[in-house]
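Student: Protein chains in written order, with the working numbering: chain A, 260 to 591; chain H, 315 to 660.
Honestly, I wouldn't trust all of these hints.
Okay, the calculated bits of chain H under chain A, using three or more residues with CB under 8 Å as the criterion [stated by the list, open to error]:
1) 320-329
2) 344-351
3) 354-367
4) 584-596
Just a sample of chain A residues kept apart from chain H, beta carbon distances all over 12 Å, derived [unchecked claim]:
5) LEU312
6) ASP326
7) ALA392
8) ILE484
Hints listed in this document are in silico derivations from the structure and should not be mistaken for laboratory results. Glycine included, every Cβ here is placed at the ideal spot set by N, Cα and C.
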Amino acid sequence: MKALVTGANGFLGRRVVEALLARGFEVRAMVRPAATLEEIDWPASVEIFRADLRASHELQRAFDGVDVLLHLAAVVSGGEDAQFAGTVVGTERLLDAMTTSTCRRLVLCSTLSVYDYSSTRRTLDEDSPVHQASDVYARDGYTISKWWQERVTRCFVEKYSWDLTILRPGFIWGRDHGYLAAMGQRLGRHHLVVGPLTRIPMTHVENCADVFALAATDPRARGQILNVIDGPGERIWSYVSDYMRGSCQPGWRVPVPYCLAILAARLAFATVFRCATKVPSILVPRRLESRLKPLRFENRRLREILDWTPRLNYQECLVRTYGPPAPGVAGG
Amino acid sequence: MKAALIGAGQIARQHLSCLKSLPGVELAAICDVSPATAEAAAERYNIRAWFTDYRVMLEEIHPDVVHITTPPTSHFRLAMDSLDAGANVIVEKPATSTFDELETLVRRAREAGRHLVEDYNYVFNDAPKQILQRISSGQFGPVTHVEVLICLNIFGPSGFADPNSPHPALTLAGGAIADFLPHLASLAHLFVGPHRTAQTVWIQRKPSLLPFDEFRAVIDAERGTAALGFSSNSQPDAFWLRVYGERMQATANLFETRLTFDRPRKVPKPLRPFFSSLEEGKTIRRAALTTLLRKFKGPGAYEGLWKLLACTYRALADGSALPVSARDVLEVNRMVEALKPKGPRL
Chain A
260 MKALVTGANG FLGRRVVEAL LARGFEVRAM VRPAATLEEI DWPASVEIFR ADLRASHELQ
320 RAFDGVDVLL HLAAVVSGGE DAQFAGTVVG TERLLDAMTT STCRRLVLCS TLSVYDYSST
380 RRTLDEDSPV HQASDVYARD GYTISKWWQE RVTRCFVEKY SWDLTILRPG FIWGRDHGYL
440 AAMGQRLGRH HLVVGPLTRI PMTHVENCAD VFALAATDPR ARGQILNVID GPGERIWSYV
500 SDYMRGSCQP GWRVPVPYCL AILAARLAFA TVFRCATKVP SILVPRRLES RLKPLRFENR
560 RLREILDWTP RLNYQECLVR TYGPPAPGVA GG
Chain H
315 MKAALIGAGQ IARQHLSCLK SLPGVELAAI CDVSPATAEA AAERYNIRAW FTDYRVMLEE
375 IHPDVVHITT PPTSHFRLAM DSLDAGANVI VEKPATSTFD ELETLVRRAR EAGRHLVEDY
435 NYVFNDAPKQ ILQRISSGQF GPVTHVEVLI CLNIFGPSGF ADPNSPHPAL TLAGGAIADF
495 LPHLASLAHL FVGPHRTAQT VWIQRKPSLL PFDEFRAVID AERGTAALGF SSNSQPDAFW
555 LRVYGERMQA TANLFETRLT FDRPRKVPKP LRPFFSSLEE GKTIRRAALT TLLRKFKGPG
615 AYEGLWKLLA CTYRALADGS ALPVSARDVL EVNRMVEALK PKGPRL
């Protein structure tokens with residue numbers, strides 16, 4: 260089996276390549292033309308394919324002999340339009356190239372952000388409502404582009420009868436990526452911890468990569484949408500503490516009840532920021548909800564359909580993230 | 315009046331938001347080569363039709379006005395076809411890659427009885443307007459000189475210097491800086507008129523994908539002189555406009571709301587700097603607040619684009635003079651042409 264991985268040198272991508280190799284896949288790793296790969300310790304068998312999804316005219320060649328596409332590439336920085344162009348238009352161009360190939364299997368990396376947190380009560384799982392076109396544009400650029408990426412992908416899948424698995428990871432963490440948006444608002448070395456008892460829907464990068472490799476292999480994953488989280492998650496209060504200790508950044512944690520934070524955001528939005536274009540996410544009620552709303556997050560479907568349990572428990576993940584690097588392991 | 319837009323990228327958002335707010339304007343269609351980009355914009359701005367082929371859009375929709383917000387090298391063909399389809403054209407700067415193309419467009423617009431408007435949005439920002447008011451009231455005195463300097467970090471990997479996906483503006487003579495020449499030239503033209511001669515310096519200070527990252531020009535114009543500049547290296551980002559009159563001087567940062575005036579005072583000469591600084595400090599403190607509020611409300615630094623579009627649509631509806639005339643477009647672009655690099659890199 261040969262897998263094409265886009266965004267292969269990213270934080271998650273490089274771990275997905277390793278997980279696929281461990282499951283016996285041949286891997287073609289798509290990276291951007293100017294990407295530097297010195298720090299990545301892939302074996303020589305990994306075939307590097309350099310292309311930018313926004314501009315390359317060589318995308319059809321990337322699918323030569325490929326059985327499954329793992330599409331992880333996304334633009335997560337820059338303005339809303341840059342993210343849309345990189346993530347959505349890039350996906351359009353990639354899948355357009357796929358139509359000329361024999362590849363019929365696709366695993367898409369999406370996100371929990373596509374769910375409509377405002378309409379979700381108590382528990383967020385795969386049956387929770389996702390955003391509608393009427394409300395998604397009030398969200399941040401990342402959410403809009405990932406929501407559209409799913410929409411574009413479904414159109415292609417429907418038209419060409421491909422097998423699709425959508426994986427929606429929560430907050431992915433690991434070495435050098437310990438800081439999570441769910442931690443609240445950083446003020447210098449200190450943190451406003453909004454909803455300190457809320458559990459974070461988190462997945463360690465190695466556990467998450469394992470799910471991607473499993474989904475590429477396991478026929479039971481076909482046609483499924485699966486949320487990827489390691490378990491019930493740590494409480495924000497205790498994770499912030501672990502983060503501060505692990506990253507040697509001592510500071511204060513200031514607890515702020517969620518109801519107070521959302522009230523303040525709603526008040527600010529209604530009075531000052533309604534027409535604003537540049538407001539911190541924490542002051543936009545819908546964005547605040549998607550980062551911090553106190554919900555229970557479920558990975559029941561992932562456990563039941565794929566019989567998956569995380570390889571690493573929380574303590575092991577902490578060591579991998581903040582402890583000394585294992586010999587011969589670069590990055591996460 | 316039926317409006318349509320080609321190219322649903324970053325600047326299109328400002329055009330669309332403004333058009334939604336204009337009375338008597340129907341946003342009839344949007345076109346982009348990416349179906350998702352076109353459809354997303356149509357959904358967001360409640361536009362009833364979206365296309366991926368602009369020719370089909372022109373044929374089916376018959377818009378009164380076409381906004382062209384694609385990369386610069388595509389403007390000429392799109393504008394020509396839009397004029398041929400009977401539409402007026404509002405085109406983002408730079409309107410064309412060459413002056414020959416621009417002359418052809420202006421000629422075609424005249425033959426077709428339509429209008430071609432290039433976006434000189436900063437000319438319509440509040441600060442230049444306030445300075446113009448003082449000039450026309452006589453307080454300022456005749457303008458002798460204008461300085462326009464843009465300091466903007468354009469090295470960022472997701473901007474002009476993206477090594478993975480070359481920015482379309484890099485194909486222009488002068489590279490990324492050429493994208494800003496119409497801003498510099500239109501402001502110089504506003505205060506000192508058409509140029510007579512221009513001397514330029516183009517420099518690459520740091521090795522990068524950009525052919526040039528510093529630009530300076532000295533211009534002799536019909537009503538005064540101008541010094542224009544673009545610095546990719548000086549920080550922080552700023553858009554300085556200084557206008558020198560015989561009785562007053564004005565300084566504005568067009569990325570902010572800061573605008574100060576200085577003038578001779580009826581106080582002993584040694585005390586003039588003291589009183590001037592007090593007044594300037596007060597104005598700058600007020601601008602600190604209004605700049606912050608401007609970010610939170612409305613179009614921010616694009617306020618001029620909204621005013622330009624509103625005036626243009628009003629003029630098209632009642633047949634009055636356009637805020638940017640064909641003559642303005644020709645004179646500004648003649649200046650832009652004179653500013654472009656001619657020889658090898660310095």
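Student: Now look at each hint and say whether the structure bears it out.
Tutor: To see whether the hints hold, each was checked on the structure:
{"no.": "1", "hint": "320-329", "verdict": "holds (count 3)"}
{"no.": "2", "hint": "344-351", "verdict": "holds (count 4)"}
{"no.": "3", "hint": "354-367", "verdict": "holds (count 3)"}
{"no.": "4", "hint": "584-596", "verdict": "violated (count 0)"}
{"no.": "5", "hint": "LEU312", "verdict": "9 Å, violated"}
{"no.": "6", "hint": "ASP326", "verdict": "26 Å, holds"}
{"no.": "7", "hint": "ALA392", "verdict": "5 Å, violated"}
{"no.": "8", "hint": "ILE484", "verdict": "20 Å, holds"}
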